[in-house]
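From first to last, the protein sequence lines are chains A and B.
Position 247 (the first sequence) corresponds to 247 in this note's numbering; numbering is contiguous.
Residues are numbered in this note's numbering as their position in the second sequence, beginning at 1, plus a constant of 318.
Please keep in mind that the hints were generated in silico from the structure rather than gathered at the bench.
Every residue gets a Cβ at the ideal spot worked out from N, C-alpha and C, and that includes glycine.
Do not take every clue at face value.
To be verified - Covered stretches of chain A (chain B as the covering partner; in silico rule of three or more C-beta atoms under 8 angstroms from a C-beta of chain B):
1) 141–154
2) 162–173
3) 258–271
4) 276–285
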Amino acid sequence: MSLDTLPRATRSSHRRGRPPGRRWRSRLDVKAMPYALVSPYFILFAAFGLFPLAFTLYYSLYDYDLAGTTEWAGLDNYTALLGDEDFWRAVINTIGMFVIATVPQMLLALFLANALNKRFKLRLAIRMSVLLPLVTSVVAVAVVFTQLFARDWGLVNWILSWFGMDALNWRAERIPSWIAIATMVDWRWTGYNAIIFLAGMQTIPRDLYEAAAIDGASRRRQFWQITLPMLRPTMIFVVLNSTIGGLTLFSEPTTFYNGNVDGGSQGQFQTVAMFIVKEGFREFDYGYAAAAAWLLFLLILIGAAINFLFVRRIGGTR
Amino acid sequence: MMISKRRGGLAAASVLAAAALTVASCSSGGTSQSSAPASSAPAEPVTIRVQTFGGGTNFGYEKAVAKWNAEHKDIQIKHENLTDQFEQVYWPQMIQWLTSGNGAGDVVGIDEGGMGLAKAHPEWWADLKEHGLESRKADFPAWKWETGVASDGKVFGLGTDIGGMSICYRTDLFKKAGLPTERDKVSALWPTWDAFMKVGQDFQGKVKDTKWADGTNTLYQVVLYQEAAKNGNVAYFDQQNNLIVDKNPAVKTAFDFAQKMTQQGLTAKLRNFTPEWAAGTQKGAFATLGCPSWMLGVVSGNAGESGSGKWDVASVPGGGGNWGGSWLAVPKQSKHPKEAAMVADYLTQAQTQASIFADFGNMPSNTKAQQEPAVQGAKNEFFNDAPIGEIFAKSASSLQPVFLGVKHAQVKNAIESVIQGMDDGSVAHDKAWQQLVDDAVKAAG
Numbered sequence: 001m002s003l004d005t006l007p008r009a010t011r012s013s014h015r016r017g018r019p020p021g022r023r024w025r026s027r028l029d030v031k032a033m034p035y036a037l038v039s040p041y042f043i044l045f046a047a048f049g050l051f052p053l054a055f056t057l058y059y060s061l062y063d064y065d066l067a068g069t070t071e072w073a074g075l076d077n078y079t080a081l082l083g084d085e086d087f088w089r090a091v092i093n094t095i096g097m098f099v100i101a102t103v104p105q106m107l108l109a110l111f112l113a114n115a116l117n118k119r120f121k122l123r124l125a126i127r128m129s130v131l132l133p134l135v136t137s138v139v140a141v142a143v144v145f146t147q148l149f150a151r152d153w154g155l156v157n158w159i160l161s162w163f164g165m166d167a168l169n170w171r172a173e174r175i176p177s178w179i180a181i182a183t184m185v186d187w188r189w190t191g192y193n194a195i196i197f198l199a200g201m202q203t204i205p206r207d208l209y210e211a212a213a214i215d216g217a218s219r220r221r222q223f224w225q226i227t228l229p230m231l232r233p234t235m236i237f238v239v240l241n242s243t244i245g246g247l248t249l250f251s252e253p254t255t256f257y258n259g260n261v262d263g264g265s266q267g268q269f270q271t272v273a274m275f276i277v278k279e280g281f282r283e284f285d286y287g288y289a290a291a292a293a294w295l296l297f298l299l300i301l302i303g304a305a306i307n308f309l310f311v312r313r314i315g316g317t318r
Numbered sequence: 319m320m321i322s323k324r325r326g327g328l329a330a331a332s333v334l335a336a337a338a339l340t341v342a343s344c345s346s347g348g349t350s351q352s353s354a355p356a357s358s359a360p361a362e363p364v365t366i367r368v369q370t371f372g373g374g375t376n377f378g379y380e381k382a383v384a385k386w387n388a389e390h391k392d393i394q395i396k397h398e399n400l401t402d403q404f405e406q407v408y409w410p411q412m413i414q415w416l417t418s419g420n421g422a423g424d425v426v427g428i429d430e431g432g433m434g435l436a437k438a439h440p441e442w443w444a445d446l447k448e449h450g451l452e453s454r455k456a457d458f459p460a461w462k463w464e465t466g467v468a469s470d471g472k473v474f475g476l477g478t479d480i481g482g483m484s485i486c487y488r489t490d491l492f493k494k495a496g497l498p499t500e501r502d503k504v505s506a507l508w509p510t511w512d513a514f515m516k517v518g519q520d521f522q523g524k525v526k527d528t529k530w531a532d533g534t535n536t537l538y539q540v541v542l543y544q545e546a547a548k549n550g551n552v553a554y555f556d557q558q559n560n561l562i563v564d565k566n567p568a569v570k571t572a573f574d575f576a577q578k579m580t581q582q583g584l585t586a587k588l589r590n591f592t593p594e595w596a597a598g599t600q601k602g603a604f605a606t607l608g609c610p611s612w613m614l615g616v617v618s619g620n621a622g623e624s625g626s627g628k629w630d631v632a633s634v635p636g637g638g639g640n641w642g643g644s645w646l647a648v649p650k651q652s653k654h655p656k657e658a659a660m661v662a663d664y665l666t667q668a669q670t671q672a673s674i675f676a677d678f679g680n681m682p683s684n685t686k687a688q689q690e691p692a693v694q695g696a697k698n699e700f701f702n703d704a705p706i707g708e709i710f711a712k713s714a715s716s717l718q719p720v721f722l723g724v725k726h727a728q729v730k731n732a733i734e735s736v737i738q739g740m741d742d743g744s745v746a747h748d749k750a751w752q753q754l755v756d757d758a759v760k761a762a763g
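Using the sequences plus the hints, can you model the full thing?
What follows is the structure, encoded as structure tokens:
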């Protein structure tokens with residue numbers, strides 16, 4: 001390494017006591033370092049997001065038997081799916097469970113957050129405790145709820161019997177199975193959303209409430225007129241996340257049926273994600289499953305768009 | 319279920335990335351390292367993972383494995399029973415492992431329903447001939463051996479147990495209903511399946527809170543295998559692998575029987591091999607159960623200590639039949655095929671199979687084991703000292719194999735779901751047969 005090859009500027013800086021290459025390095029620092037620092041995300045995204053997406057798209061155009069042959073199929077998988085009543089049943093199940101899980105969950109989380117947003121003793125401990133369900137493993141949750149919703153000797157059926165109701169077969173009837181699974185989902189995720197709402201609520205300036213109080217607005221009115229509108233960005237975030245989570249629902253309904261992706265004897269609570277796993281890894285029809293995965297992707301985009309438009313109106317100017 | 323997928327995805331991604339890095343570093347550095355000192359360093363004990371499926375005591379390997387591990391310090395067996403559900407959980411997972419070349423144990427159990435597919439994919443399996451196990455051919459009935467030979471002639475599977483049929487019943491519940499409890503008299507109650515249902519109605523008339531049978535599927539299978547033996551020994555596929563669900567009278571007969579059982583309200587509506595079914599066994603939710611020999615271990619395992627002495631074994635209506643049995647195979651991906659083959663060899667030896675039968679009831683497929691006095695004279699303590707050797711071993715040599723196609727596991731699951739749906743009320747009785755045929759066609763396609 002001879003100094004002669006260094007640019008003039010470097011040499012002059014060297015004369016001023018700077019070690020050689022320092023400036024070059026610092027330029028590298030400034031230019032490349034940020035990219036290097038954010039690159040893990042992009043590398044991970046490319047490896048585990050983009051690549052599978054493209055790979056799935058590629059194989060959705062093939063008749064790809066996981067335990068056999070691969071043949072070009074064009075759009076056959078997609079046309080077959082659109083005419084497959086099992087697929088549509090899974091779509092309806094998914095949307096149905098999403099709706100009955102998410103609506104009460106949002107409301108509950110909102111009111112829970114509102115309650116937690118006040119001053120009271122052991123505030124931190126109680127705020128932390130709403131997150132507890134989240135850290136329990138989904139399998140443990142499912143085991144407990146599976147027991148609660150058992151047809152024979154189940155707690156829920158026992159309680160229903162107090163009101164003279166017949167024992168429900170929670171895995172055989174469609175709507176009850178949705179309710180059981182939605183309960184499981186809500187138990188796990190309501191607290192999580194409440195904490196996010198709470199964080200959002202704490203960014204709302206106090207003086208808005210003070211001004212409203214001076215103007216004589218009641219607590220309830222303050223909630224509807226100040227909290228909700230100011231919470232809109234948080235709410236959009238939460239609802240979009242819920243949409244993605246809800247439409248890809250898999251673990252709860254699967255564990256509810258002993259790890260079986262059939263979702264009931266007649267697919268009573270089989271979700272699209274379960275349908276994909278069943279077609280891909282049990283029927284070995286990987287191309288078909290890949291096509292279903294792409295349709296699920298579209299479904300999520302549509303769902304997210306609808307919810308986004310809906311939430312944007314919440315608490316808006318009337 | 320907010321975000322779970324995304325967060326899970328991210329977490330999984332980072333774990334995978336870390337794992338990928340570890341694997342990469344291990345495999346690049348590992349090969350050069352391990353090849354050199356392998357011969358000089360003292361031999362680490364080789365661990366052979368044996369993966370099986372099934373409820374209760376499943377393959378009955380508990381004692382056999384303990385015995386081997388005590389005698390072989392250099393080769394240790396680690397037995398994992400992965401799940402109680404073969405078609406829905408175990409086999410799909412196994413196929414993923416086999417096709418991806420990673421994850422399967424060194425010795426894996428395969429139910430008869432998976433053997434069609436296993437035979438068609440010799441590339442998944444190690445050739446047991448290379449480990450001298452062709453010498454075992456004489457130990458098994460021809461059909462049991464042939465099923466373990468792949469399409470290219472590779473020997474990949476060694477037989478474990480075979481079917482044989484009986485009816486397990488609860489003596490305490492029979493007593494409660496005023497029925498005889500002694501096994502010969504009980505057997506005499508039901509020469510035919512119609513008689514079996516008639517006794518069931520009597521039972522149901524006297525006992526309200528308990529059902530006559532566990533569900534539709536167990537008995538459906540028993541009848542199906544009996545009928546298959548009368549219809550060319552085929553079930554859902556003919557020998558050319560064509561779907562014959564709607565043409566094989568065996569399927570319709572078994573279906574009609576299952577339908578009658580549920581119409582008459584004789585079932586506890588439990589699907590076999592589920593936790594609810596196991597709980598029902600324990601809590602006495604039903605009085606009878608179709609029992610191939612290996613089911614004895616499932617029942618005693620599910621019922622636990624408290625059930626001991628309450629159960630007994632009677633003969634099955636309508637003669638014999640062969641529900642299943644399993645094989646052990648060594649996946650090609652095993653790092654220790656030689657040791658794995660030794661373990662598979664050991665677990666299928668006459669002595670091992672005989673002691674498994676005596677302890678748990680899984681009927682040996684090994685013909686030498688079947689001849690052993692210990693098997694012929696075996697009594698099962700859990701089942702009221704029932705002479706299971708007499709019940710099962712006598713007919714073992716006459717058992718006929720039932721041909722099962724490549725896609726048997728998928729079709730079986732589809733059909734069982736319809737039959738179960740008929741029981742739980744989600745499939746209308748008058749539409750059930752058509753749906754069974756349609757779903758079977760779909761699953762086979």
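Taking the hints in turn, this is what the structure says about them:
Counting residues of the stretch 141–154 of chain A whose C-beta sits closer than 8 angstroms to any C-beta of chain B gives 5, which meets the bar of three, so the coverage hint holds. Against chain B, the stretch 162–173 of chain A contributes 4 residues with a C-beta closer than 8 angstroms to a partner C-beta. That satisfies the three-residue criterion, and the hint holds. Beta-carbon proximity to chain B at under 8 angstroms applies to 9 residues in the stretch 258–271 of chain A; the threshold of 3 is reached and the given coverage holds. Counting residues of the stretch 276–285 of chain A whose CB lies closer than 8 angstroms to any CB of chain B gives 4, which reaches the minimum of 3, so the coverage claim holds.
Checked against the numbered hints given earlier, the structure satisfies every one of them.
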